[in-house]
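Peer 1: Mapping to my numbering: the sequence shown position 5 is 5, numbers consecutive.
Result set (PhoX-like, lysine-lysine): computed pairs, CA atoms no more than 20 Å apart in a straight line:
no., residue 1, residue 2
1, K2, K400
2, K170, K195
3, K158, K189
4, K195, K400
5, K181, K195
6, K319, K378
7, K158, K170
8, K158, K80
9, K51, K19
10, K80, K153
11, K170, K181
12, K170, K189
13, K181, K319
14, K319, K19
I should point out that these hints are in silico values taken from the structure, not numbers from a laboratory.
A quick note: this is a predicted structure, and the numbers were derived from the prediction, not measured.
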Amino acid sequence: MKILLYGINYAPELTGIGKYSAEMAETLAAAGHQVRVVCAPPYYPEWRVAKGFSALRYANEQRNDVHIWRTPLWVPAQPKGARRIVHLASFALSSFPILLRHAFWRPDVVVCIAPSLMNAPAGWLVARLTGAYAWLHIQDYEVDAAFSLGMLKGSLLKRTALALERMLLKRFDTVSTISGKMVEHALRKGVEQSKVVRFSNWADTESIYPLGRHSRMRDELNIPDAATVVLYSGNMGAKQGLEVLAAAAIGFAQRDDIVFVFCGNGPAREAITAICGNLRNCRFIDLQPLDRLNELLNLADIHVLPQRADAADLVMPSKLTGMLASGRAVIAMASPGTELYEAVSPRGVVVQPGDASLLALAIERLAGNSAERARLGKAGREFAQAVLSRDAVLREFEAKLCALRAGTSDT
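My request is simple: use the sequences and hints to build the entire structure.
Peer 2: What follows is the structure, encoded as structure tokens:
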């Protein structure tokens, strides 16, 4: 089967959505499918184009039997409001002629990954021109999140954007997303139930696993062996709610037995550094390369997953899978009834979003109970192995692709 994968983020050497896209493509290629990718140069979550790539030139490459076409885009230093729209539009425009060229390849399936929804119309068009199956995969509802978090404002703009989104979603043959609550959200947007599929993020339980020793990164960061490490690792953006974690860190500023590590890059890092960057119990490091990811995740005694309440079921943090796979305890901020609450509460600690004092109390209690940390870490690891393994999730995805495509061919 010929599969054309179209999405702005594709970076197998990093983490997050770019790595997921790459693993999806490479797994499908390894299964014998012909896979082509149209994407941007790697730039996320640092919001700058990675070394060795250009934001101005077209390029192509091949990795593990996947053929990749990279197209230019504009990357703003501060991705807010109109600048974020221009950023997404720049990729949609630059990638359109390359995507259109692939119509002559005549793919069987066109898979669009959102974000960014702005490039989905071109993917849908190529699918219709070639008779291919049109599949839209939603990692987060960027339109809803942008207005809920104040990145975009204006009632007319919101109504227009949501109407266009609704019209677009209903035209794809299949719309998949990563959690049950997000599936329900797609149905509320008018997508037919027969078209909606749950396609969860997965955990790489072979590359991410409990080390059974202290991470070597403790020495690099000058963290005593006896200290409890509270780790946040991932994008530092508006929807993460990192200001709450920073406030909790301030509350432990006079203690040497609890150390906070903030790992990542993004538009909110400067503000968070200004709040607690000078505290002796805080460390700030850049996003780590893939070959150091397991050492990083095992640096944590406690993983913390803050989240703003107004983004509750619009996103499902992909970083959670690695946290669980590492076998370390997890504290998440989520409200009852949300997908994140349901995922974490049986095997972690959940506190109300936005409350720094409750977060600090949960950290203090868990820091003082190593047996409970071990119990929760073991439960999270077992869940990752049983439910979130990459091979199981991607085998199911491939089977659905083949079945849906076969059904289309028969009609």
